[in-house]
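There are 2 protein chains.
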Amino acid sequence: MAYELYYWPTIQGRGEFVRLALEEAGARYVDVARGSKKEGGGMPAMFALLDGTKVDRAPFAPPFLKSGRLLIGQTANILMFLGARHQLTPAGDAGRLWTNQLQLTIADFVDEIHDTHHPVGASLYYEEQKEEASQRAAEFRAQRVPKFLRYFETVLSRNGSGKHLVGGSLSYADLSLFQVVAGLRYAFPRMMKRLERKLPRVVALHDRVAARPRIAAYLSSDRRLPFNEDGIFRRYLELDD
Amino acid sequence: MAYELYYWPTIQGRGEFVRLALEEAGARYVDVARGSKKEGGGMPAMFALLDGTKVDRAPFAPPFLKSGRLLIGQTANILMFLGARHQLTPAGDAGRLWTNQLQLTIADFVDEIHDTHHPVGASLYYEEQKEEASQRAAEFRAQRVPKFLRYFETVLSRNGSGKHLVGGSLSYADLSLFQVVAGLRYAFPRMMKRLERKLPRVVALHDRVAARPRIAAYLSSDRRLPFNEDGIFRRYLELDD
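First to last, the sequence lines map onto chains V and C.
Counted from 1, the first sequence has number 184 at position 160 by the numbering used here; the numbering is strictly sequential.
Counted from 1, the second sequence has number 120 at position 96 by the numbering used here; the numbering is strictly sequential.
Please keep in mind that the hints were generated in silico from the structure rather than gathered at the bench.
Treat the hints loosely; a few may be bogus.
Claimed, not checked - Each computed EDC-like pair below joins lysine to aspartate or glutamate, with the alpha-carbon atoms no more than 16 Å apart:
#1 C/LYS171 x C/ASP231
#2 V/LYS171 x C/GLU136
#3 C/LYS171 x V/GLU155
#4 V/LYS61 x V/GLU47
#5 V/LYS154 x V/GLU47
#6 C/LYS222 x C/GLU177
#7 V/LYS154 x V/ASP264
#8 V/LYS154 x C/ASP264
#9 V/LYS171 x V/ASP132
#10 V/LYS187 x V/ASP231
#11 V/LYS90 x C/ASP117
#12 V/LYS171 x V/ASP117
#13 C/LYS217 x C/GLU155
#14 V/LYS78 x C/GLU177
#15 C/LYS78 x V/GLU262
#16 C/LYS90 x V/GLU253
#17 C/LYS62 x C/ASP75
#18 C/LYS154 x V/ASP264
#19 C/LYS187 x C/ASP231
#20 C/LYS171 x C/GLU136
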């Protein structure tokens with residue numbers, strides 16, 4: 025039976041981390057909210073599970089994944105589930121905890137990336153908080169991005185061949201770090217050009233993931249939505265340096 | 025062997041969610057950074073693991089937990105580990121995923137609580153961003169707090185007796201929800217007074233957790249740090265309604 029992924033239909037957002045894992049696994053899945061209402065898809069199908077009064081374990085927000093009778097929310101939680109099923113995480117408990125820890129650190133980073141354009145609140149438009157966004161983005165570029173990316177560079181350098189974040193094979197944390205690098209390149213091209221020289225392992229990981237056959241096929245398909253200014257990674261050049 | 029917890033020594037912060045689980049489990053643990061430098065504790069012991077060049081799987085930030093040779097970071101990840109070891113989570117995979125999902129939703133809520141007093145950036149003092157904090161807190165009180173707390177009220181109401189978030193017994197998610205209610209009462213007393221009337225199950229859960237013998241003993245001990253204005257939950261009355 026195919027997985028059902030539920031996420032906002034017009035952005036990569038946090039759902040993209042799940043899509044990348046499903047694509048790399050070669051799993052069958054339906055991106056439900058991108059489907060047609062006539063065939064039971066679209067936004068109504070998503071809101072039926074979010075707001076339905078009969079849903080036992082309703083998620084708080086998208087993305088969430090339906091796998092048979094299981095309904096699983098929270099990006100890192102979905103990835104932990106998929107990772108165990110599709111060999112995108114080590115078999116042992118210690119390796120799984122470490123993979124989850126790295127994914128949660130990436131999630132924290134993603135939250136901070138989002139807040140660069142929405143520091144004062146998600147209910148206001150970016151245009152209403154441009155000045156605060158400029159202040160927040162300056163701190164983000166100068167302190168937070170280097171701290172996070174150097175951390176992942178160090179994790180790679182301390183892990184044997186330096187080719188994966190965890191152990192000797194690909195994990196969903198690698199896929200997620202690829203996505204963060206791709207997103208930062210889109211949103212902060214000048215900053216990334218400056219920083220990448222000192223992040224050889226992070227950049228090489230990005231390139232290796234992008235070249236994996238299933239990921240490469242996905243990235244060139246119309247299943248991959250383009251980055252845009254409604255998502256997490258937004259290209260507002262005034263926030264770049 | 026006792027667990028070693030590493031967290032900032034003067035605040036409850038995110039470390040408190042781990043402390044509550046350790047206390048409820050009756051586990052032996054050392055709160056390392058609160059110990060004396062002479063005996064190998066204090067902040068240098070914490071930074072040795074954060075910044076040491078020989079640490080294989082160094083965490084990005086506190087809190088982290090040492091259990092034998094395992095070093096585990098990220099609050100929700102630590103709780104998943106402790107939950108499985110100390111019967112603070114269901115035995116089956118589905119229940120564990122659900123508990124983790126709720127904990128990650130609480131973590132998102134905690135991030136938003138923190139950002140009410142630091143919207144523009146963590147490197148600035150609150151006093152330097154009071155105006156933006158006021159704007160962000162207004163949205164937080166009007167929209168985000170009701171949305172999160174009603175969500176947990178609904179989760180309780182859909183779970184059998186309504187006494188626990190997950191299944192028929194206490195989980196670490198219950199302990200964490202207790203902490204959030206306690207913290208919100210400290211930081212936003214007027215708002216909580218208004219909201220609590222419509223949250224009978226959430227309030228009852230808070231009270232039941234507070235009355236558990238080990239938690240009650242902990243809360244009245246000097247191991248429980250008081251809430252203060254360096255932590256996540258800060259009492260700035262101008263941000264309350």
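**Request:** Go through the numbered hints given earlier and state which of them the structure violates, listing their numbers in rising order.
**Result:** 1, 2, 3, 4, 5, 8, 12, 13, 15, 16, 17 and 18
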